[in-house]
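S.K.: Construct all of the structure, not just a fragment, from the sequences and the given hints.
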Amino acid sequence: MRFGAASKGARAASRGGRLREVTARCGLVARGVLFVLIGVLAVRIAFGVGGSREADRRGALQELAAKPFGVVLIWAVGIGLVCMMLWRLSEAVFGAAGPEGGKPVKRLAAAGRCVFYGVAAFSVLTFSTGGGRSGDEQSRDVTAKALDLPAGQWLVGAVGLGIGIAGLVIAVQAARCSFREDLAMGGASAGWRRAVDFLGVTGGVARGAVFAAAGGFLVYAALRYDPARAKGIDDTLRSFTHTPAGPWLLVAVAVGLVLFGVFCWAMARWREV
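Per the numbering used here, the very first residue in the sequence shown carries number 1; after that it's consecutive.
Honestly, I wouldn't trust all of these hints.
Unchecked claim - Cβ pair distances, simulated, as ranges:
1. Val49 x Phe69: 22 to 28 Å
2. Arg176 x Ala151: 16 to 22 Å
3. Thr126 x Ser178: 17 to 23 Å
4. Ser189 x Thr129: 40 to 46 Å
5. Met185 x Val22: 15 to 21 Å
6. Ser239 x Gly112: 23 to 29 Å
7. Lys106 x Thr126: 28 to 34 Å
If you are wondering where the hints come from, they were derived from the structure by calculation, not from laboratory data.
Quick caveat, the model's predicted, so the values are computed rather than measured.
Where is the CB? At the ideal position from N, CA and C, for every residue including glycine.
M.R.: Okay, here's the thing in structure tokens:
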């Protein structure tokens, strides 16, 4: 009886592990789709051919909607982000893969990512039913409401500082190839390893730069007590064209975001979950 109970427990654990793996890999594929589309839209904007599309999640969904079976594709991305949320939830509850996956800091980070992807999934599924607003509008509205709270300026400033620091950490970790710790590429060739390193470094640095810039704008909005100074992803990307490098900096960041999307697909193949 004990052997039978242990066998059933092992089978249940195996099924749970397979379910966790499927949700993680589906979620990474969906995240990759969004980053590739956002990067492509940003490149178009840099060359003045972006039209009215915004280089953010909503613009990416509009791009998908214009394709054959667009509604199906949008639902697929939304479900994929739900999978990301469930994967991060499982990490928060049971711990992530690896010897240090059960540490409180890891669990807390997973819980934060769970909330983030839950919000992202909700926005995608809301868009599929005809709703949703641009990221820039949402950023300004949320910032305005936060500034009206007691100590609102401090709160907004702290959040902006946190986002900016997170962006710098993302960029530094990418440059140091920290993502290798999460990959299981034992059977991959040296060429594939070099390709994934290139995608992870360039894509991660670009993603970190966007987060750092967005956090900086939020801090500026707090200092000026002006929610209009807060920027979503689209406005943040467009701001790169106002630097001395002009649109070429936006092109570099946009290409980096595309590469990060491809890196997400590589993670879907080799990520240890």
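S.K.: Report the numbers of all earlier hints that the structure fails to satisfy, in ascending order.
M.R.: 2, 3
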